[in-house]
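Could you put the whole structure together from the sequences, leaning on the hints where they help?
Residue numbers (this note's numbering), protein chains in the order written: chain H, 1 to 360; chain S, 1 to 77; chain Y, 1 to 253.
Bear in mind the hints are in silico, worked out from the structure with no lab data behind them. Just so it is clear, CB atoms sit at the ideal spot from N, CA and C, and this is done for glycine as well. Some hints could be false.
Said to hold, decoys possible - Now the in silico label distances, taken between C-beta atoms and shown as ranges:
1. H:R198 / Y:V145: 44 to 50 Å
2. H:P210 / Y:E89: 34 to 40 Å
3. S:I32 / Y:V145: 27 to 33 Å
4. Y:T173 / S:D31: 51 to 57 Å
5. H:A318 / Y:T147: 49 to 55 Å
6. S:S29 / Y:G243: 55 to 61 Å
7. Y:D249 / S:S29: 49 to 55 Å
8. H:T25 / Y:P186: 55 to 61 Å
9. H:D127 / S:T5: 55 to 61 Å
10. H:H221 / Y:L167: 40 to 46 Å
Claimed, not checked - Rough simulated footprint, nothing fancy, chain H against chain Y, three-plus residues with beta-carbon under 8 Å:
11. 46 to 53
12. 67 to 80
As the list claims (entries may be wrong) - Straight-line distance between alpha carbons at most 27 Å, and here's what the computed DSS-like set of lysine-lysine pairs gives:
13. S:K24 / Y:K230
14. Y:K230 / S:K8
15. H:K196 / Y:K197
16. S:K30 / Y:K230
17. H:K359 / H:K238
Listed below are the residues making up each chain.
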Amino acid sequence: MKGNEAIAEAAIRAGAHSYFCYPITPQTEVAEYMSKRMPEAGGVFLQAESEVAVGNMLFGAASTGKRVFTSSSSPGISLMQEAISYMAGAQLPCVILNVMRGGPGLGGILPAQSDYLQATKGGGHGDYRVLVVAPSSVQEAVDLTMLCFHLADKYRNPVMIIADGMIGQMMEPVEFPEKYEEPPLPPKDWAATGAKGRDPLIVKSLYLDPYSLEDNSVILHRKYQQMIKEEPRFELYKVKPGNRILIVSYGTMARICQTVIDELEAEGISVGLFRPITVFPYPEEALRKEALKKNIESILTVEMSMGQMLEDVQRVIARAKPIRFFGRTGGIVPTPDEVKDQIKNMIRSESAGKKRRKKG
Amino acid sequence: MPRVTIDKNHCKGCELCVQACPQKILSMSKDITVRGYFYARMHDPSRCIGCRICAVVCPDVAIAVDTHGTQFVLFDY
Amino acid sequence: MAAQETTIFSRPVALRETVTHYCPGCTHGVIHRLVAEALDDLGLRQRTVGVAPVGCSVLAYNYFNCDFLEAPHGRAPALATGYKRSRPEMIVFTYQGDGDLASIGMSEIVHAANRGEKFTTIFVNNAIYGMTGGQMAPTTLSGQVTTTCPAGRDVAQTGYPIRVSELLSALVTPNYIERVAVHTPPHIIRAKRAIRKAFEYQVAGRCFSMVEVVSTCPTNWGMTPTDATKWLEDSMLKFYPLGCYSTPDREVD
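So this is what it looks like as structure tokens:
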């Protein structure tokens, strides 16, 4: 199945009831798939007039207690930041798919990973975070999408899936579970379903009294602390005691790095990959553990950007190990050879450095 | 016999009822409410016809009207 | 034998006892009451969700006795769309001012009306931005003085005021659009009927409905409430004629 369509199908199977969208390359297939499939599934499909409207429709629909979903790409996600901030403040769940493309501005339509900072560090105003996952295959995108609906309800917070344009466009075999299963969730007594037999309920993010507003932010903060404790996910690839270099990469870029690692292994160079699956909460402890191992000489962060996840890697590892970066952007996908060259350079300069230190 | 009750807690002294009353029997007191507004009150209840115009015009729903006995209904509301 | 007392006017159930923060003489209070009366008359309170705007009525949710959502500025029609599409059995209304509906939210209201979303919009038009202290609105009259056009609105610079009822009634999608005022008792009674009619259309699931309520803003117009009602009659109604602009039964070309 095509990535975009597989993710759409996964959302429906996870109980997404309302889907709002605006066409934007490279995710329009999600909308087109949903326009047929959502009515079949008895849900709501609506193409809105802009992503600004989409984000706000998500807010309204999420207030009903139903599961809501949207998909867009980088420039459209920028337009949704207002609504995301409001939903975080009002504690509303939703799942948002960002099929990342080149930026900033109108940028390009080819894949990129340059929305990492926007997704993980804010985007909108106020003290809030969004739980962000980054799949690296169509199957993983399906699995994570289904998980995201559960997490969104669990934390009553927006959840974002950042998939670069390639995941959206590529076709891979996919398996859906027979039945969608998830751990039990509390009832949605926060949903505005009509003041029948109870006091009226207000879904809002305005707290004019500063103490009440601080209280709200503390409540949000506690949720994020819980996310940090319970939700980090990552995967290791060929991480062995013989590794000289640890690559940190996510999404499709990580798959390319897997090829790089395999090819270098054949040449007798041992390199491992640390692949974060959740980028907020970032699997910091795990990364620190792997990076600080004695055999690791240096870290290479590889991204399709000018260096965004790099900042998290630098923050987590600090000066404990040298950190290098390799990236291409604008929609250019680094080839395995480019990454290999980078690694070989790193090894050469490390060896040269060792020699100098020995002499001195 | 109509009776108009003006709730001082809600009245903000806007005087719209005074302007609207067809009998001209509402006026502003010289005292102020706990919020600092002069409040409206009926200075001649004997001439009240229970038309409810004061209540219709009041932005603060400060006015309630009840009646007993025969009441002429001047408009549907 | 003492005659029984009958209440002939009282606070509607759908409107809470809370003393509002609105200025003395502000017609928001009247409009809130009219909406609450419509909800009571039609028995809708327990299945109604209101959507509050940003503006003086940002705290409307504290005054109504029904569920409420608080929207970002201008976005209430989008929230209402998302909500009503997901739970069509609920009654949804947005309550918006000039800035919310006709400025930042112009896209949202036009598209919601054009799609024929089956919710009701109460549009409070007082030709000024109240909450932020009296700036020019898209509905400010030519020559009207506000804090951002202190020499009076110059239509050569800023264009003419926007007539939202006329604009939305030009859409082909059937809708119910009526413009009313609330500055005199007969007008208030007519406004109540229009608001009730708008909700009736929603109950019947027929169309988008909007009641534009020409209102006063004594504080920012710099007048007493009673003078403000006169200014509304003399100046605003000339530019904003009252009446029904559209019903869903009209012929569609």
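Evaluated hints:
no. : hint                        : verdict
1   : H:R198 / Y:V145: 44 to 50 Å : 47 Å, holds
2   : H:P210 / Y:E89: 34 to 40 Å  : 39 Å, holds
3   : S:I32 / Y:V145: 27 to 33 Å  : 31 Å, holds
4   : Y:T173 / S:D31: 51 to 57 Å  : 55 Å, holds
5   : H:A318 / Y:T147: 49 to 55 Å : 52 Å, holds
6   : S:S29 / Y:G243: 55 to 61 Å  : 40 Å, violated
7   : Y:D249 / S:S29: 49 to 55 Å  : 50 Å, holds
8   : H:T25 / Y:P186: 55 to 61 Å  : 57 Å, holds
9   : H:D127 / S:T5: 55 to 61 Å   : 48 Å, violated
10  : H:H221 / Y:L167: 40 to 46 Å : 44 Å, holds
11  : 46 to 53                    : holds (count 6)
12  : 67 to 80                    : holds (count 10)
13  : S:K24 / Y:K230              : 18 Å, holds
14  : Y:K230 / S:K8               : 26 Å, holds
15  : H:K196 / Y:K197             : 24 Å, holds
16  : S:K30 / Y:K230              : 25 Å, holds
17  : H:K359 / H:K238             : 33 Å, violated
In this structure, the earlier hints numbered 6, 9, 17 are contradicted, and the remaining ones agree with it.
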